[in-house]
Structure formats: C-alpha cells, structure tokens
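Colleague: Okay, here's what each chain looks like letter by letter:
Protein chains: 6
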Amino acid sequence: MPPLLRLALPKGRMTEEVVKLLTASGLEVKSNGRAYRPLVSDSEIEAKFLKAQNIPRLLEIGAHDCGFTGHDWIEESGARVEEILDTGLDPVTLVAAAPERLVEGLERLGRPILVASEFERLTRRYMESRRQPYLFLRTFGATEVYPPEDADLILDLVATGMTLRENRLTVVAEILASSTRFVAARAALDDPWKAVKIEALRTVVQAVLEARRRVLIEMNVVADRLLSVVALLPAMKAPTIQELHGGGYAVKAAVPRAGLAATVLLLRKAGATDLLASALEKVFP
Amino acid sequence: MPPLLRLALPKGRMTEEVVKLLTASGLEVKSNGRAYRPLVSDSEIEAKFLKAQNIPRLLEIGAHDCGFTGHDWIEESGARVEEILDTGLDPVTLVAAAPERLVEGLERLGRPILVASEFERLTRRYMESRRQPYLFLRTFGATEVYPPEDADLILDLVATGMTLRENRLTVVAEILASSTRFVAARAALDDPWKAVKIEALRTVVQAVLEARRRVLIEMNVVADRLLSVVALLPAMKAPTIQELHGGGYAVKAAVPRAGLAATVLLLRKAGATDLLASALEKVFP
Amino acid sequence: MPPLLRLALPKGRMTEEVVKLLTASGLEVKSNGRAYRPLVSDSEIEAKFLKAQNIPRLLEIGAHDCGFTGHDWIEESGARVEEILDTGLDPVTLVAAAPERLVEGLERLGRPILVASEFERLTRRYMESRRQPYLFLRTFGATEVYPPEDADLILDLVATGMTLRENRLTVVAEILASSTRFVAARAALDDPWKAVKIEALRTVVQAVLEARRRVLIEMNVVADRLLSVVALLPAMKAPTIQELHGGGYAVKAAVPRAGLAATVLLLRKAGATDLLASALEKVFP
Amino acid sequence: MPPLLRLALPKGRMTEEVVKLLTASGLEVKSNGRAYRPLVSDSEIEAKFLKAQNIPRLLEIGAHDCGFTGHDWIEESGARVEEILDTGLDPVTLVAAAPERLVEGLERLGRPILVASEFERLTRRYMESRRQPYLFLRTFGATEVYPPEDADLILDLVATGMTLRENRLTVVAEILASSTRFVAARAALDDPWKAVKIEALRTVVQAVLEARRRVLIEMNVVADRLLSVVALLPAMKAPTIQELHGGGYAVKAAVPRAGLAATVLLLRKAGATDLLASALEKVFP
Amino acid sequence: MPPLLRLALPKGRMTEEVVKLLTASGLEVKSNGRAYRPLVSDSEIEAKFLKAQNIPRLLEIGAHDCGFTGHDWIEESGARVEEILDTGLDPVTLVAAAPERLVEGLERLGRPILVASEFERLTRRYMESRRQPYLFLRTFGATEVYPPEDADLILDLVATGMTLRENRLTVVAEILASSTRFVAARAALDDPWKAVKIEALRTVVQAVLEARRRVLIEMNVVADRLLSVVALLPAMKAPTIQELHGGGYAVKAAVPRAGLAATVLLLRKAGATDLLASALEKVFP
Amino acid sequence: MPPLLRLALPKGRMTEEVVKLLTASGLEVKSNGRAYRPLVSDSEIEAKFLKAQNIPRLLEIGAHDCGFTGHDWIEESGARVEEILDTGLDPVTLVAAAPERLVEGLERLGRPILVASEFERLTRRYMESRRQPYLFLRTFGATEVYPPEDADLILDLVATGMTLRENRLTVVAEILASSTRFVAARAALDDPWKAVKIEALRTVVQAVLEARRRVLIEMNVVADRLLSVVALLPAMKAPTIQELHGGGYAVKAAVPRAGLAATVLLLRKAGATDLLASALEKVFP
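Which chain is which? The protein sequence lines are A, B, C, D, E and F, in order.
The opening position of the first sequence corresponds to residue 7 in this note's numbering, with each subsequent residue numbered one higher.
The opening position of the second sequence corresponds to residue 7 in this note's numbering, with each subsequent residue numbered one higher.
The opening position of the third sequence corresponds to residue 7 in this note's numbering, with each subsequent residue numbered one higher.
The opening position of the fourth sequence corresponds to residue 7 in this note's numbering, with each subsequent residue numbered one higher.
The opening position of the fifth sequence corresponds to residue 7 in this note's numbering, with each subsequent residue numbered one higher.
The opening position of the sixth sequence corresponds to residue 7 in this note's numbering, with each subsequent residue numbered one higher.
Check the hints yourself; a few may be wrong.
[To be verified] Computed cross-link-like contacts, DSSO-like style, restricted to lysine-lysine with a CA-CA straight-line distance of at most 27 angstroms:
id	chain 1	residue 1	chain 2	residue 2
1	D	Lys26	C	Lys26
2	E	Lys258	F	Lys258
3	C	Lys258	D	Lys275
4	D	Lys36	C	Lys26
5	E	Lys36	F	Lys26
6	A	Lys26	A	Lys57
Don't read these hints as lab results, they were simulated from the structure.
Just chain A, same shape as in the assembly:
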C-alpha cells in the first residue's frame, strides 16, 4: 500500500474558506454524497471532515497527519501539535461578555457567577485569574442567547461584534485572537515522506495566500520617466523592466491590492501609460 497523508478538515464555520483555499492550491475537495469523506484530487492524500474542536486532539494521538483548525481550539485542547501556517482566514476573538446592565455588578452578585462557554479549559483559566467563585456551563453553539437567565457571563467567539450587540452584551475582556491554522502532528513531521508532502502543501497554500494580497500591474513608460515610475513601486521586489521594440520600457510588478487605486493614480501622474491590472494565482516568495 502506498503511503497516505491523512488530512483533517474542519466541518462548520471554517469549511468554506478552507475548501476554497485548497482548491486554489490545486487540491480539489469534492463532496460525493458522503459528507464526511470527500474525494480529493491527489491520490496520496485522504481527507476527512471533523469538528474543528476535535482536530487538535486527533492529530496529537496520531489519527491524522495534518489539518486545518482554529488557534482557539488548539489552545482549548492543550494538544501538542505544530502550527505551521497561519492562513489569517476567519479571524475571530474569544471574549468574555456580560449583559450590558450587569457589567458593573458582576463582582457583587452575592452568588457564584454562572459562566457559559464552548471553551471549558480557557474559561476555567480565565475565571481562576479573576479569583471569583463560578459555576461553569458547557454550551454547544449559540452561547450568546444564554444570558441573562441562563448565564451571567459568557466566553464566546466574536467576528464583527454584531451578534453581541444584538443580544445587548458588552465585552468584559479579550481572551485570545484566533484564525484558521495549518497544523501538523509531530509524528508526521518525523516521517520523511510525510514531512516533504506537508511542506509541499504548505508552500503552495502560502503562495495562494500571498497571491490574494497582490495584483500584477503592467505599464509602459517612456525612457525619461522610468526612474520616477519605478520609484513609486512598492519596494519589496524589484519590478521587471524590459525595453520595448521601438523605444520605451515595459514595467511589471506584483503590488499589494490594498491601496491599488491610489498607486495607479500616482503612477499615471508619474508618466505610466497603458496600465493593466491582472489577478495572480500564486506568488512564490
């Protein structure tokens, strides 16, 4: 039997972005009627969808070789695994939050605080730092609806803050910033074949993430404006400059998407003409 890389994919909130990222990286992930065991386009890789919560632990015990999951669940699990790439996708913050009108009085309840969360370990660590008696209630999604009758305080993930606001909850403390991470089991990194396979996947995934942040711009410049145009191009990489048949230069550079409009307006003012922008698929730094 040929060697296999066992890849754990998160089921839920993170699924869509991870599948898009892998597809862009050349690894197609297709459901085939069996939701949990998708078909993947690389016959040396076997993927399985699992709850993000369980992935750190299952990597630690060697049930899978690598996977994607949130930094939050890695911390919650306490599992010893290697985070080898922060994709920056699905950024969230774990916060402690309480009903607006209770925030002031939390320390004077006169009874143990009722704290609800999906994160037991992180909650206990936080509550111990507060040095206040508490009762812990494990939730299973939708933690924001527990207050006020079913919880005095919650530890919950926040993306835009809209859900907290709609439930009239106020942030009391920020506990942990999280996003989707590419994670490997230590045993897998010790296996030469798997380590190479994981590194190849990491390289392509990173190239895709880098390409999303950039756009390729091409322009023509007459000779005496070349220096002032090139001076405007972001410094990270030398732009590619070629002489044109008939005089002048073609200049090409992968510039950051952020601020593109401003960059273009400056380049035109400096003498660049025929400006074209194209999407990049992968950028290998």
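Given the coordinates of chain A, work out where chains B, C, D, E and F should sit on it, guided by the hints.
Modeller: Just chains B, C, D, E and F now, with coordinates in the frame of chain A:
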C-alpha cells in the same frame, strides 16, 4: 409583575415534534425572527429554545421552571429534576457500537480503547463496567463517522439503525432507551401557582397524546345485534349507546388506531352498518 | 357566457391565510404555474392575485366584484367599497414611530420632519393633525430601515412590535387598527346573481372562522350530576343532551377553544366522564 | 421468515398524493435517508419507490405484489395486472397535440410526421389508426418543448391544459383518460395471505377516499320540522335521528361536500338549528 | 469623527450586479445578518441598501452622498443629482404596452384609458403627449398582469421582451432607455474630501468595466511577420512589442472580447504562434 | 432571414459543465424563465435544451446542426453524426453490475436473467455476446436501485463507483468509456456557412479546455542559470525568454497544472526567482 412560567424547549432533533404537540395542546409557539425566544399564545408562559443537553441542568439551578428534553440528557447530566410525562416522541436508544470487523477484537487491542461520544458521563459509567483502559473523546454530533481512524468504539443514539449500518458499525451493547420527556424543576413544583400551571399543561398534553392513539367510530346497529357488536369493542371504556328514533341503536366508541381495519371488518360482519371514523383532538382519560 | 364572480386575492403577507381560509370554506385555490391567475374549484368564480394596495380601487371601478384586502389599504385608498366581513386574520396596527433618541425632540428639529411611509394619504392626514411642516417620502416595503438617516418619523404596520424594537424605534401614535376584510364592490351587490353568490361565500367563510374558535366536547354524565355539568357549559347555545341506553346522559357542546383546559378540569370535577374533544370544520350560527 | 407484502410506490408526479392517501389510511411511509426504500409502519409490508412506468411490468413478472401507478402506464406496458381501485387522484388525459399553425396541414406535410412521446406503444397504436407514415421519437419528460423543430405531433399527458397553451399547441385527439390506480399482481391475488392483506388495504383506502367526499353534519330540530328537514338530506343513507332530552331531535348525516353551502342554507330555512359540520376520516360504505 | 462617504445601494433587481462590480473594484460588500446595512471593506465608506426608487430623492436631500440606481428612477423622481458613470449594467427600456387585441382600438374605447404603472410622473408626461383622457393606477411590481381587466395600457420596464410576449402584450411606444448609473449628490461633489473619494471610486469602477470588455492576448512572431501581425491588432492602443532572446518578437495587446475568435484565426494566419489569452482585472485607460 | 446555427444542449447531468464551458468560450447561455430556450449572446446561434438521449437522433434527422451530448448516447442511438471534439468533461463508464452475492451465480439462475438499463441497444449487444437468455427492462434513471428484486444485472453509468458500492453492487464488465462530446450533423458540415461557424466554436472551446490544463508561470533568472532553468520547463513549447533591463532574463511558459508544486520547487532550486503563476483563459495551440 404577574407570575410567569418559564418553559425550556429543545432546539434540534426534538423541536418539530414538541412544537406540534404544544400547538395541538392549545399553546401556539411561533418564531418571530428571533430564533431563540418564540412568541407563545399564553401570556403567562415565556418560552426559550435551548440545547436539549443544557435543559436538565438549567432546570436544576432554577433558570427555567419546566421544559421538554430527552431522557438521555437527563441521565447524562445527573441533574435532579422531575420527569412528569413521557411523551413517547422521538424514541431512540443509546448504544455502544464498533466497526464490524473490530467487534471481536475490541478486548485485544493491546492499547487503550479510543471511545468517542457526546455523552461523557454515560460513557465513563459504561467503560468502567467493562473494566478496560480507554481514552475518551467528546464529540459534537455525527459521532458515527469517527470510526475507524478516530474511534474504536462509540456511544451514540440510534433511531432506525440505518446510520450505523451505512457506516458499517455493529451494536455491542444497548445502554439506555430514551424519548422526549416533559420535565419540571423541583423548585417550580413547590410553588403553588407554578405547580397548578404545570399540571394543567401536562393534562392537556397527555390528552393530545391519547387522542393520537385513538379514533372515534360511530355505527348503527339493529336491536338484536347490539350485544354482539358491543362485545367486539375494546374493553377500556364503555361505548356510548343511544336509541335511534325509529328503532335500532347508535353506538360510538374511541377505539385504538392500531388494528382499526381489522376491527371494522369484524364489526360489519357482526351487524354494524354506516360505520364512520373521525379523528379526535383530545381524550381526557 | 355564464355569469362569473371576479374575486381579487391579495398577493403578499395576507396570501397564505386567505388561501387557507378559502380552502377550508370549500373553495380550492391552486397555483398552476401562472402565479397571478390561480385555478379555483368553483367554475363560476374567477380569481386573480393582486397587490392588496390596488384591490380597493379596482373594486371601486368595477374591475373585480369582491375580494380580500386589509382595512388599512381600504382607508388609504379612500375607495367606496363595502366591508362585509372582518376575518380578524393578520391583525396589524398602523403606527407612527421615531428613533428612540429623537422622540422627545421631534417638534424641535428646526426643519421639516422627514416622514416615510407606504401610506401617503393616511400620513398626510396624520401630519396635518400634528400641524408641523413635513416632507413626505413614499416607501416600498421595509420602511423601518429608513430612520435615522432617511427618515425622522415613519408610519408603518406593526404586528408584534419586534421589528420596531430591533430598529430602536418608539411608537409615537397609534393611527389605525387593521386586519383582513372580505370586501365587495357596490355594483356587484346591486347585481342579484352576484349578491347571492357573495352572500353564500360570506356565510361559509364565517362558519369556518367560527369553527376555528370552538371545539366540540362530548362527555357522559350520570343522571344526578347532569344539572351541575350543564351549568358549567358556556351559555351561548343549549348543549345537546341525550339519554344513554342503560342510563345516564350523553352531553355535547361546541365550547370556545380559549380556556378549554380549565373548562375540562371543572367538568371532570362536576362529574363528567369519558371526555372527548374534536375539531369542528364549520359552525353555522 | 414471516410473509411480506411487496408494495411498489410511484416515484414522481404521483408520489405526494399516494403517500398522503396511505398515511390517512394508517400506513405511514417515511423516507429514511434512502430515497427508494421508505420505512412503513406495518412490519408485514415492504415498500419501494419505482418509476410509474416500470410498475405494471414488475408486478406482472412478480417482482412486487401490488402497487400504485397510472392507468396510462398500465395501458402502455400491456402488462396483465388487476386494477382493483381507481383512486381518482392525479387525473390526466393522454392527448395528441400539434403546433397551432400546423394542425390543418398535418396530413399534407409531404414527409413522414415526426411524432414524439414517452408512450411508444400507445403512439404506434394511434398512428396506425391514422394511416399516415410517421417517425417515432421516444421522449423522457418535457415532451411539450419538442415542437416545432423536434416534433410535428406529440402524445402527452394533460392536466389543466395550461402547458399546451403556453407552448401554443392544439389538441388533435383525446387518446386515454387516466388516474392513479391501486393495482395487484395476479400471482399475489392467488396467494391467500396476500389476497387478504391486499383486500384490507383496499378497504381502508376506499374508506378514506369516500370520507374526503363527505362531511358530517349535525343539527337540532324541533319535532314538527323533523320531516321537512330529513327530506332535504341526500337520500343515500338514512340519517341518524335521536330524541333529545327536553324535546326535539338531533339529526346527523354524512352529506357530500359538493354543494354543502346550498344544503346548509336550505336546512336552516326548513328549521334546522345549531348546525355543525365536521370532517370525517373514513367512511365504510 | 473621521469623514464618511455614505453610499446608497439598490435593493432588488440591480443588487447582484452592483455588488459584483464593487467587489471587483476592491470594495467588498458583505451582508452580516442585517440585510440593510452591509459591512464594507473600506472603513471610510458606509453603505445602506435602499429601494432604487428612493435613492435619487435621498441623494438630493443629502441623506446619502452617492449611490447606484437606474436612470429610469432618476427621471421619474425628477431629483437633481449627477450621473457620473453609466455602468451599462441591467439595461432595460420603459415601454408603453397594451393587450394585442386592444392595440388598434385604444383610441376608440369610449371611456378614459386605464393606465397602470410604477412610474407615475413618466406615465402622466406620456399620457399628456397622447392627449387622451386617462385614469392612472399606481402598481407595485408585476405590472404586466394588470391587463386586460385591471388596465388597458401599462408603462413597464422590458429587458428581453419575453414577459410581455407571455402576457400577450404589444409595445405601443418606447419611452426611455435605462441602465444602472453611479450617481452623486451635488452637495457631496462640493465637499473636497468626498469629491476625491467619489472620483477614486469612479475610476476603479470604470477600470473594471473596461477590463470586462477586453482580453489580454500574447503571441510570438518571427521578425518578418511582425508588421502584418501588428496591423491586425485593433488600433486603439499600440501593442507592447519586445524582442525575444534568440530572435523574434513577443507581442501583447488588450483586445476587445467581441470577435476574439475571428481575431485569433486571422493572427494565426498572419504568422502569430503560441497565442495565449488571459483575463484582465482592471484597465485604466 | 439570416442563417442560424441550431445548437442542442444537454439537459441534466451534463448541463452545468457545458454551460460553463460555453460561457468561458465567449458564448453566454442564459435562462430567461423559459427553461428550454435559453438566450445566447451570439445572434447567429439558437440554442435549445434537450435530453442528452435525444440529441444524436435529432442531429441525424437535421432538426439541429450541432450540440453537446455523451458518447454513450451516441453509441446507444446508432445515429450517424460526427464527434468533432472530446471535451473530457463528465467522464463516466458504462458498466454491467450485479448484486455482490449474485455475481458468482449469474450463469446458474435457472431462468432468464432480468437485465435493467436505460441503454436498450447497448444492453442487447452485450447480452448477446454473453449468449444467455435474458429479459430486458428499460429504466428511467436510478437504475442502481432495481436489484435485487427488480433486476439481476444492470447496465449503468459509473463516475466514482460510490453509488454502486452503497447499493452493494459489483462490476461484472466495463462496456464503454464516455464523456461529453461536441457533435455535428453531417448536413451541417456540408453547408459552408455552418461548417465555418462550427469550426470557429470548436477552436475556441478547445482553447478553453487547453487553458484549463495549463498555468502561466513567469520568473526571473540571472544569466548563468538560464540554461538549467529552461531545461526544466516542459518541452512542448519553447518558453518566451526576454532580456531584462539591468541584466538577467525574464522567462515565461505555459506549463501543465499537474505537478505544478514540484516544478516550482525544482525551478527555485535551479535559480529562478520571483516566481508568479497566473491563470490562462485560452490557449490556441
């Protein structure tokens, strides 16, 4: 402020049947854009949708007065609450199951058994009775997809057994039979106003459940066949018999739905004519 | 060509309840791929779905003979048509509402109030009673999202008040209570064939509405408890009392659904046994 | 192994009505994730969903014992099976239709007519009766879109005629009236256990169909109006008449739904009071 | 508080194309559970979804700074706002249409024409030009279903003409050609910060629209075919020509998508080889 | 009337990929409420959706000029048409399969084999090669559910094999490999205008398919590593090499997607820097 009965409704698998049951009992439960706090038609009742898992505990600590949840979660939680009616709805069995080809060898794995379940307490109780070293993995739904790589044994709920079969799992032990229960907090039963309110709800809910099992049949019988017709009617309640203007009798009884066709064929043979069957809405025993 | 009754049905919020009501009344209304001209089961009736807004006016000019629409749109249109039945369905109130923090200062804006509504006529009538300069903005649904930047005040329909609360709006005045009405064109009521047809439809629709409010209860009573049982039955109609073969009485009455549980508990205490409740389909008063 | 009745259910247009009919008859049919093998509530019956087209043939060769399918497919297949009940559900007519502007010229095309249909056998039989050369094209649904380029004439099922009209097709001939039939295999009728089982099912199904056509009305009448009231009740069954405690009569009859409003108006005029109408579930004639 | 550009986005038919256009322009618009106030990726811009009908007026009174809406509603409103870019998206024509069989007789009805439309101002302007008495009926969508009983003539938007044809309506006059426009409030254009912000957005949006019409083709040419190849390239921009290492030239040009296949076939015939076509993201002219 | 190319598009499994392919080729296909006659962006082409089964035959008799359909249905129909491009899309294999436990005993059934398939002609051809008596049952989709009671053997299309496995069927023989083909009617290829039009469509479609298999990579190389870098580039086409202003070379090549990660790693090791990968839209070989 008038007194309020705080009713906890289960979010998930049990929701549909419980809402139908309450609606039939005269308590309409309508979502109003806010999934978790439905409008109910009785202004003395305030309902909230919560995970079935959390309901027993939240009743015990007094956050709600009564509710519907599964017997399984009551047992798992260990919460001291009163089951005041078994609705018989959504019947399931908690079983221990293992991959077909592993069943024989579970005791000779040569390493701790990896057991996955949503039910930690019930799993630990069961595993201790097996007297075998094990590692527990808490799951969050879809436990049946953990084996074989992510679990050797699971404790999972089974309704028809189809899901187990599709995942090639075999039942190793039946742990607990469960169904949806109407449950009350002890504190609520000690409050006279709440106790009466809960009992009224229990009475109507039970009358609806009873009505579902029965059908009202009416028929005409000439005088000399009355005895043989009445003899065929199930014994639990005396049928209602009235003389008809012009002779003969009208006989009416609420008979069980099960076996209705057979009952009707026998009644016709015994001399009943003009047989009509109608649905009942509530039967107060 | 045989005579036809042209029935206008409201497209939108009121559709579902009106179609259910007509179906229960024996007039099936089935879409057939053409959303606006449904098939109806009575070949003497031709139905068309129209915006509730347009129905009063189209009845007035004789384009249709009768229909269902809201009292709000009848008032808004000022059309001279006859409301012949208040179904009580889809009850709403037209209110004036303003952003919470603006309510106090509405009269000291120092500029004309910007008022947004789907109801131009009713808004102008209300604003003139306020004697304050205003600018009117006609909306087309979702009026509640106009404040604060696009309106200072709105006139909008309110069912549960939840939408206002979520948009942090406060009711400033209640303008009009509305519900779905069965309406007829005056010309149609002057045509004998149409008048009879409309009256027949009104009778059955009313019988269905009445049946929804009641439930048929049947019980057995021994002779000496008959009076005390009958005394408990709501007074509007004499209950039907029949002697049973073998002694005792069967008592039957159509009682209001509201308070059914309490009624049943009293009846049992008074001596009624074998209580059955069944749904009614139509009650002709 | 206990004996089993193998029931074939039609997949497609007829499914919904057949499942509703069986459920009303006390045989619940529930999908369980496996679309083609539903769970049924009678353990002596095994159901399978199959294309209506294949059911007649599969009954003939003994793969199933009984089933529901259209009369059209029974005729098309030429299979020797017994139609034991016409449910009247999903009534359709098989018609021959041609494009409006071609109808006149069909016989002067100067080339073979191109005829498209799902029904090969019935089409060939019809075309031979026309004595015109033709080319047959078997279609697989949506036959109405073949003309004009892909067919000159089609044989297709028509329910309301709307689809033909939208495709500007005109009916040239009506070939066959069809509806959903309860059908049995001859071999099954020769097996005593299966024959009894099939007959029981047929009896209950027929009782449900009969109950849908009727409504139970109850009314009170004073003694001297009894005759004129009873005279108005449809003649098929004697109404049930009982003396009331305190004088007068209670009259009850299962009358046809069609014309109910008119019947009620006449009964009231004749002296009936307290008229109630209730739905029936089954009527055993 | 930092300055904010208040952007009004059309809710409805135009939404999808406008959101796609903005996303391609680097301004992500994401719903966040609150349908009317989407999150946008530029913290200096605040967006709100509003009915296209209301946008011109709300820009005029200064409730928003710029937005997207149809030319039709700008004309209907009579609002004084600046159309600064015609995106060409969602092209429609406002037409007057009447039932096929009524077209001839519209002027001889012998009574006022009943005209229905969502566009009151444009309808009145048109009807006055016809110099015929009329009655105006404001519609709220689905105007095409009003004729024949509820309107003799309609003024409605037409995209493909299919809806008119299906309702057997004939175009009587074309009133106005419309498409989605980028519009600014005059007050905003007078504010220097806002004017710059709006111009930057206009520039990028226009670059995206231009890029959609073009494709970047690259090819190799041997020296003596260079002139004939270049002669075939559309004249608007000089192509970029570079010498290849080892002889020959690389030629690159952004050519129109329309007619691409024909262009390519000619280029190959003229001596171009290794032809590649790539999508462009933005073209700054 | 200008000439028209009549294009038949397959309705069903193949639809999505074919429409995407045509859109990418510059021929937009838009539904417009009429599912069967989409709007296409080339006014010289008229498209119609038809069942893939019927397309070969309808091309043969001249009802359409060209189209897309599966190789399987071309073979099944026996129609004389020209396959002018194998798109490779939707690859499937027609196999003969039997229930796992019946495979061995198929030749010893003691009665004719019951064979079910949508493909009558291919089934008969195969069964005759087996020289065994059989009964043929034409199916209409979902053939895999016929065994075991309704078929002993099926001929069915297989994509991943998952469906067979779930129904516990084993492949007995592979009959035909199929995929979506671009097909032309012979008569159309004999018409000069149509032949040119078809060839142009084939060229662009093929260029899109080729572009999907490749990715454009660009990199910079210093002079003395040029040869070793170029040597690594797949041989099919010479890469485009240009001198950079300031020394070194820019190298560009359209390399296969398959194995991209490995290629990139080797190129970097050989001295390539600033590697960018971009998608191609069309590659004209």
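Colleague: Does each hint hold? Answer for all of them.
Modeller: Hint check:
no.: 1; hint: Lys26(D) - Lys26(C); verdict: holds (18 angstroms)
no.: 2; hint: Lys258(E) - Lys258(F); verdict: holds (13 angstroms)
no.: 3; hint: Lys258(C) - Lys275(D); verdict: holds (24 angstroms)
no.: 4; hint: Lys36(D) - Lys26(C); verdict: holds (26 angstroms)
no.: 5; hint: Lys36(E) - Lys26(F); verdict: holds (26 angstroms)
no.: 6; hint: Lys26(A) - Lys57(A); verdict: holds (18 angstroms)
The structure shown violates none of the earlier numbered hints.
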